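Peer 1: Following the hints, position chain B against chain A.
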Amino acid sequence: EDKVVQSPLSLVVHEGDTVTLNCSYEVTNFRSLLWYKQEKKAPTFLFMLTSSGIEKKSGRLSSILDKKELFSILNITATQTGDSAIYLCAVAGGTSYGKLTFGQGTILTVHP
Amino acid sequence: DTAVSQTPKYLVTQMGNDKSIKCEQNLGHDTMYWYKQDSKKFLKIMFSYNNKELIINETVPNRFSPKSPDKAHLNLHINSLELGDSAVYFCASSRDPESFTFGSGTRLTVV
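Quick mapping for you: the protein sequence lines, in order, are chains A and B. Each number in our numbering corresponds to the 1-based position in the first sequence with 1320 added. Each number in our numbering corresponds to the 1-based position in the second sequence with 220 added.
Chain A with its partners taken away, still in its complex shape (with noise of 0.2 angstroms):
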């Protein structure tokens, strides 16, 4: 069965830290891995993931994948308390089309 696992489940930090959150995954056919951020309502997009050892970044946060070790990290610098989220990992792949696979989450608080 696939599985995506993240850790930490949750992390408090304080505004101006930067945090680092990790992702695992055992899937059949990968095809792609992808970060979302949830706050109140729906989860929405942040990075896809393909290729190892590319570093792909949007403002302060940041992402790489290695596929040899099969895992993923998130990077948030200099956190804000508008940062404070889950940050869900999901792995595109398996023996169903089109299914991703979500991790648990990690729930990120950043106090002022």
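Quick caveat, the hints were computed from the structure, so don't treat them as lab data. As the structure is a prediction and not an experimental result, all values here were calculated from the model. Careful: at least some of the hints might be erroneous.
Claimed, not checked - Lysine-lysine pairs mimicking DSS-like chemistry, simulated, CA-CA at most 30 angstroms apart:
1) B/Lys272 to B/Lys256
2) B/Lys272 to A/Lys1361
3) B/Lys291 to B/Lys272
4) A/Lys1357 to B/Lys261
5) A/Lys1376 to B/Lys287
6) A/Lys1357 to A/Lys1377
7) B/Lys242 to A/Lys1377
8) A/Lys1377 to A/Lys1323
9) A/Lys1323 to B/Lys291
10) B/Lys256 to B/Lys242
11) A/Lys1360 to B/Lys264
12) B/Lys261 to A/Lys1376
13) B/Lys264 to A/Lys1387
14) B/Lys272 to A/Lys1377
15) B/Lys256 to A/Lys1361
16) A/Lys1361 to B/Lys229
17) B/Lys264 to A/Lys1376
18) B/Lys239 to B/Lys229
19) B/Lys256 to A/Lys1360
20) B/Lys272 to B/Lys287
Peer 2: For chain B alone, coordinates are given in the frame of chain A:
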């Protein structure tokens, strides 16, 4: 002009009742999904339809029945609701992994 819309947003109902949640997408995507997010925020796939054909049916009780009248709609009907069905149900659609788009969710509370 909402891309993936679900109704209702909130649903409070008694055990044993039957209820439906509707979902529509205007993105032209071929594939639609239902995901369940439990109290621990774990998102788990329930069903997926591609061009009105059921392609994913995870281990979900028979009380849950999806229906796709056309590729822009995927509705979820739940019979004989139980307390454990309380969760947020997300509809989603995609053409490929990067275009995966969620609806805003339906918070179902069974009392």
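Peer 1: Confirm or reject each hint.
Peer 2: Right, here's what the structure says about each hint:
1. B/Lys272 to B/Lys256: holds, 20 angstroms
2. B/Lys272 to A/Lys1361: holds, 27 angstroms
3. B/Lys291 to B/Lys272: holds, 5 angstroms
4. A/Lys1357 to B/Lys261: Distance of about 12 angstroms is within 30 angstroms: holds.
5. A/Lys1376 to B/Lys287: violated, 38 angstroms
6. A/Lys1357 to A/Lys1377: Distance of about 15 angstroms is within 30 angstroms: holds.
7. B/Lys242 to A/Lys1377: violated, 36 angstroms
8. A/Lys1377 to A/Lys1323: Cα-Cα ~26 angstroms, so holds.
9. A/Lys1323 to B/Lys291: holds, 29 angstroms
10. B/Lys256 to B/Lys242: holds, 14 angstroms
11. A/Lys1360 to B/Lys264: It holds: about 18 angstroms lies between the C-alpha atoms, which stays within 30 angstroms.
12. B/Lys261 to A/Lys1376: Distance ~26 angstroms between B/Lys261 and A/Lys1376 Cα, so the pair holds.
13. B/Lys264 to A/Lys1387: Answer holds: B/Lys264 to A/Lys1387 is near 23 angstroms, not above 30 angstroms.
14. B/Lys272 to A/Lys1377: violated, 37 angstroms
15. B/Lys256 to A/Lys1361: The hint holds at about 13 angstroms.
16. A/Lys1361 to B/Lys229: holds, 10 angstroms
17. B/Lys264 to A/Lys1376: holds, 26 angstroms
18. B/Lys239 to B/Lys229: Holds, at about 13 angstroms.
19. B/Lys256 to A/Lys1360: This hinted pair holds, its Cα atoms lying about 15 angstroms apart.
20. B/Lys272 to B/Lys287: holds, 8 angstroms
Figure legend: structure checked against the earlier numbered hints; hints not met, in rising order: 5, 7 and 14.
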